[in-house]
Structure formats: C-alpha cells, structure tokens
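S.K.: Spelled out, the chains give:
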Amino acid sequence: MLSSKNLLLKTKMTRRKQSRKPVSKKPNSIAKKPKFESNNPESVLPTLEDDGYEQIGEEGEDGNFSLKGSARSHSHGVQPLGNLYVSASSFNSRNTGLGNLQTLTDELVLDILGLLSGTHLGVLSTVSKSFYVFCNHDPLWKNLVLDTCSTGFLYNGSWKNTFVAHYTNSCNNIVSCGIKVRDFYSDYLFQSWLCANLEMKPEWVERDNIVRKRGISVDEFVSNFEEHNKPVLLEGCLENWPAMQKWDREYLIEVCGDARFSVGPLQMKLEDYFRYSDQVREERPLYLFDPKFAEKVPDLGTDYQVPKYFNEDLFSVLGDERPDYRWIIIGPTGSGSSFHIDPNSTSAWNAVIRGSKKWVLFPPDMVPPGVFPSPDGAEVACPVSIIEWFMNFYNATKSLKKRPVECVCKAGEVIFVPNGWWHLVINLEDSVAITQNFVSRRNLLNVLDFLKRPNASTLVSGTKDRVNLHDKFKNAITESLPGTLDELIVKAEEKKNEQKKLTFWESVTDSKVGAFRFSF
Amino acid sequence: MASSQENDVKKPETTITLKDDEKPETTITLKSSDGEVFEVPESAALLSYTIKIMVEDCRAGDVISLEQVDGKTLSWVITYLKKHAIDPFSEKDKDEFDTEFFSDKEFTSVVDIINAANYLNIKELLHTSTRKIADLMAIRWNRAM
Chain A
0 MLSSKNLLLK
10 TKMTRRKQSR
20 KPVSKKPNSI
30 AKKPKFESNN
40 PESVLPTLED
50 DGYEQIGEEG
60 EDGNFSLKGS
70 ARSHSHGVQP
80 LGNLYVSASS
90 FNSRNTGLGN
100 LQTLTDELVL
110 DILGLLSGTH
120 LGVLSTVSKS
130 FYVFCNHDPL
140 WKNLVLDTCS
150 TGFLYNGSWK
160 NTFVAHYTNS
170 CNNIVSCGIK
180 VRDFYSDYLF
190 QSWLCANLEM
200 KPEWVERDNI
210 VRKRGISVDE
220 FVSNFEEHNK
230 PVLLEGCLEN
240 WPAMQKWDRE
250 YLIEVCGDAR
260 FSVGPLQMKL
270 EDYFRYSDQV
280 REERPLYLFD
290 PKFAEKVPDL
300 GTDYQVPKYF
310 NEDLFSVLGD
320 ERPDYRWIII
330 GPTGSGSSFH
340 IDPNSTSAWN
350 AVIRGSKKWV
360 LFPPDMVPPG
370 VFPSPDGAEV
380 ACPVSIIEWF
390 MNFYNATKSL
400 KKRPVECVCK
410 AGEVIFVPNG
420 WWHLVINLED
430 SVAITQNFVS
440 RRNLLNVLDF
450 LKRPNASTLV
460 SGTKDRVNLH
470 DKFKNAITES
480 LPGTLDELIV
490 KAEEKKNEQK
500 KLTFWESVTD
510 SKVGAFRFSF
Chain B
0 MASSQENDVK
10 KPETTITLKD
20 DEKPETTITL
30 KSSDGEVFEV
40 PESAALLSYT
50 IKIMVEDCRA
60 GDVISLEQVD
70 GKTLSWVITY
80 LKKHAIDPFS
90 EKDKDEFDTE
100 FFSDKEFTSV
110 VDIINAANYL
120 NIKELLHTST
130 RKIADLMAIR
140 WNRAM
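Heads up: the protein sequence lines correspond to chains A and B, in order.
For the record, in the first sequence the residue sitting at position 423 is 422 according to numbering that gives the first Met the number 0, with numbers rising by one throughout.
For the record, in the second sequence the residue sitting at position 20 is 19 according to numbering that gives the first Met the number 0, with numbers rising by one throughout.
Bound-form chain A, shown alone:
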C-alpha cells in the first residue's frame, strides 16, 4: 500500500477528546457537513461532533475531507503515526503489544495474520490491545469469508460477524461493541479506515471535460471518435431500453430468483448481494460482475440492446468460443475499478442504468500518476483503493500538460472507452450498469497483434484457450468475412506510407534542416 503524505497532524482540528461520547449510527445523508476550524496548535485528530459528523482536513491543501454521514471514528481508536510525534508521550501501544513482531511493518504483521485460521485469529485478538486491533482488521475476516464460503455469504454488519455467524451456523445478530484502545498509532490501519469512510471530494467529481454527443449517426461516431481512438459520452441511446424503466431492486430480485452471480471469487444470489452492498463500509467494496448474466437470466438479456454505434462485434465469429464480452455490474458507492487497460486490446462501452459513475481516462501512451505497470504489462501496481488514488494523486493530474479526460456518467448515458486507454471508475452511488467489450474493423489489426504476443498466455483474458485464440480468431474472420483482413492490412500499409511521405516532405520544406538558402 502506498503511503499517504496526508497522514500528519491536522493543525486545523481540535484536540481529540479522551472520553468519547458514543455515536449512534446514522443513515447515509447527503447533507453538507459543517466546516471545522480551530487554531489550537496542538490539535490532533478530529473530534466527534454531537451530530456524529467528523472532518479531516489538510493544511495547505484546498479544503477539507468529509467522512460519510454515518461514519464513526475508528472503531478501535487507531490514530495515524503523525500524531505520535506530537503527542506528549512517545508511547505507542502498537509496539509493546506486538511483542516479538513489533519490528515488522503493519503490512507484514497483517500478511502473517492473513495466514491464520479464524479460530487462531480470534484467540490472538485476546492477547493484547495491539493484537486486538490488528486481529479485528476487517479485511482479514473478509479474506476468510471469501476463502471458505464458496456458495456465498449472508453479510452481518462486518466481515468478522459474517464469518463467525457462518462458522457457528448462527443467525443471531452479533453486535460488536468495539473496544477503544489508547495510544495506538498506525498509518496503515488508520489509512484503511479513512479510505473506507471518506466521501469523494466535490473537486474530484466536478471536472467534466469529455465530449458529449446526442443523436449522432454511426458514421459520425466512427469517423470522429472510433477511428481516432477518442473517448466520447453518448446521450439518449438508452431511451428505448426496457431496463431503464424496469430495473428497480424489486424487479431484479424477482427476475433473478435463485440465480447466482459472480461477486469477487464467489457466486451468490442477487438478494444476498444487496444485503451486503446495503451494509458495507469498506475500502474496496465487492461488486457484482458477471459475464454470463444473460445466459443465467434471459430476461436481463432482452431488457437491453447494444447501441447502434457498437453493432460491429467481430469476436462474434467465434460463436460460443468467444472470450467473455459482456458484463452486468452492480455495486455500492465507493466500489469500482482502479486504473487498468481493458484486456485483449478491445474497446468498450459502458451504459449506466441506475446510479452514476465518475470516470478518469488517460490515453494509451500516458501512464497515470501513481500507477506502475510491469515492463510486460502483465501486472500493474497502484494504490490499494480508488479513494486513495484520489487523495494522493488526483492533484498531480492538474499540472500535467495533457490533462486526463474526466466525466460523470449518469443513468441513461453511455461512455465509449477506446482500446488501450487507461481508465478508473468509481460509483458515486448505488449503481447498475451493463458493459461490453468489442472489436470492430477499426481495431481488428491491433487485437490480432495483441493476441499474437509471446506472452499471450498471461495477458489474454476472458477465455480458457489463451494460446490459440489468435489463430482461431484469424481463421474465423478469414472464413466469415473473406477479404476483410487483407483490405485492412493494405489500408494500414497505405496509412504508414502516407505518414512516411509527410515526414520526408516536411524535412525538405523545413528551412532549418535544408542547407540551401538563397542569399542576395
């Protein structure tokens, strides 16, 4: 996890009260949070206001962060390391409580705890305050649930409660009161809580510089956007989708019945997923992302149709052997996808049916700040959560010569993501969307090149037959659309030659390069 420069003493805060008033959980509200000011130089963390709102600000930055409406303070009282350096004593109960493990970083401690069974984790949490805090780090229990509950889970307020209920076969609601520990400082654990409870700042959301079009023809789309590999937001394409009218929660639950959908590594019923997404408060909420939704529930497939701009779908020549190409995406606020490039060099469209999504896109030749792809592109290192990227790297985009394309895609709108573009998406509210990846003639040669790469077995996705996909696809295209491939290759050659020619003539007419000059 990348460290955050934000985790220092916040001089605009008041001193954290030692005896805390318990805060009742409030339903999510979108009300504006009061700004928070104090000139106390010894300020540390935010205090809990009586109305349950907290604010965390940053000196020198452009405003305060706000926590989600029903956020409580860290349930165990964890403070960031920066506070330790200005506290009266330099005692960190984290260290004494970890015993022989105290020299390890927080990440390493959690790596070790991640190898323990639920029982051992539970027992270990009774050993010391420090182990109590570490062992109650909910993501540990999330992994235990995901590893052991292959048929799905019934979320019970927290991952720990969910695991315990599953393990003990108990349906009782277990309420965790959360013991607060004092003098426990840890950047990692604090950051994790912070990212789980932070709201998107308005300035992260408000920039919207994408080109928006309504009612354009397919030719216009192809020649102005697809051929130039430029993103565009299309309005008014979903008006005749039955999904726009029908897809509310009750309908979806009814029509999906007992069908199970992909949620992370599991398959679960839609109703059970909603139970989770309604309650969850975490850094990286799971979202439902299923490539076989129309096969599992045919009604869902008939409630939408591919917008006319994207009708050319060349992978369809492979029939049933085509890679995964369409997904339903359902997720709560804060869920989404950090920076990535879509697989197989395909382009994509993403249509929001309910809710709204914030998009940030970078062109293929510009790696976004905070993102570090491996040389072969197979792996990408980036901040753990999307909020963390916004906290630490969004501001860096302001000083770039070419700023990224950004937008908020609302219900009824479709975004076109050209092939090779880096993109990040975050749900600003509970959202339901459909997305498809596709190959058209504009992109066919790129895709074939990609599939031909020597490391195809690691890079190619959505199919079990990675190594042979290139040959299969090429043969199928040649058979179903004879002459197409050759035509495209010829065109591409012509284009290359045109570009070479231009360069030559440019050099001849460039007076700086040419040696010959008239002089009188």
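Because the hints were derived from the structure by calculation, they are not lab data.
Warning: the hint list may mix true and false statements.
Just some of the chain A residues that point at chain B, by a computed CB distance under 8 Å [as the list claims (entries may be wrong)]:
(1) L100
(2) L103
(3) L114
Remember, it's a predicted structure, so these values are computed and weren't measured experimentally.
We treat Cβ as the ideally placed atom computed from N, Cα and C, and that holds for glycine.
Take the given structure of chain A and dock chain B to it, following the hints.
M.R.: For chain B alone, coordinates are given in the frame of chain A:
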C-alpha cells in the same frame, strides 16, 4: 642467455576454453549493517530484487551496503539464496531444504529473516518465512489449548 634466446622465438599462442560450469562465477560483495562482508555468487545475490537494482546502479567491484540487515541474518539469507540459485532445483528438494533451514531458528530469528526478505525483496523467502511464523504461532496456541 637462455631467456633472451627464448624471447627471440615467438611462441604460438594457445587459447584455453573453459566449459560453462568451470568458469569462475562473478561474485558480488555484500556488507551488512554491522560491517560484516560477504562474497556471494552473482546468481544467488540477484535473486534479491533490491540487490539487483543496487548492482545496476553501481560499478563492478563495488561493495553493496545493506543497511537494514545485520551480519547474522544476512549470512542465513545468503545460505538460502545460494541453495535456491542452484539450477535445477526441484520443488521437493526446495521444500526439504526450507524445512531444515527454519528448523533450528528461533522465533525472533525468523522475524529478522522476514524483515530481511522484505527489505531485500526476495519473494519466495518472504513467503516461506511468514508461513513459518504463522505455523509457530499456531503451534504455541494448540499447545496452550
């Protein structure tokens, strides 16, 4: 004199080609935080991604200073790296070696190895040592319970 006569006659040059496994392997000099110096075969040293980067940034023959690893721990790590650099090294042999490697190490020593493996960016060692600590912790409770 004999030597000057010899010098007048040019001897034909002979070249000796060593087979791959006879060539002396390049060594890299590592220095621990407490000043201990180790000569390590390159193939072993480069299993550490950190060392690999440091080597790329310096000249041949430079001493690589590892500020965060003490001599005792570094010598263990080097033993591990030398063994794991052997090619081929079967999974079974690896497991056997790893088990033996940790069998005589105390809890605190394994923690030191974890820190070293993390700093030196040796994925396999980090994985095995964290697994070992988790196992040791589990054993303690099973005994206690």
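S.K.: Next, verify each hint and record whether it holds.
M.R.: Now for the hints, and whether the structure bears them out:
1. L100: holds (6 Å)
2. L103: Since chain B brings a Cβ to about 6 Å from A:L103, closer than 8 Å, the hint holds.
3. L114: holds (4 Å)
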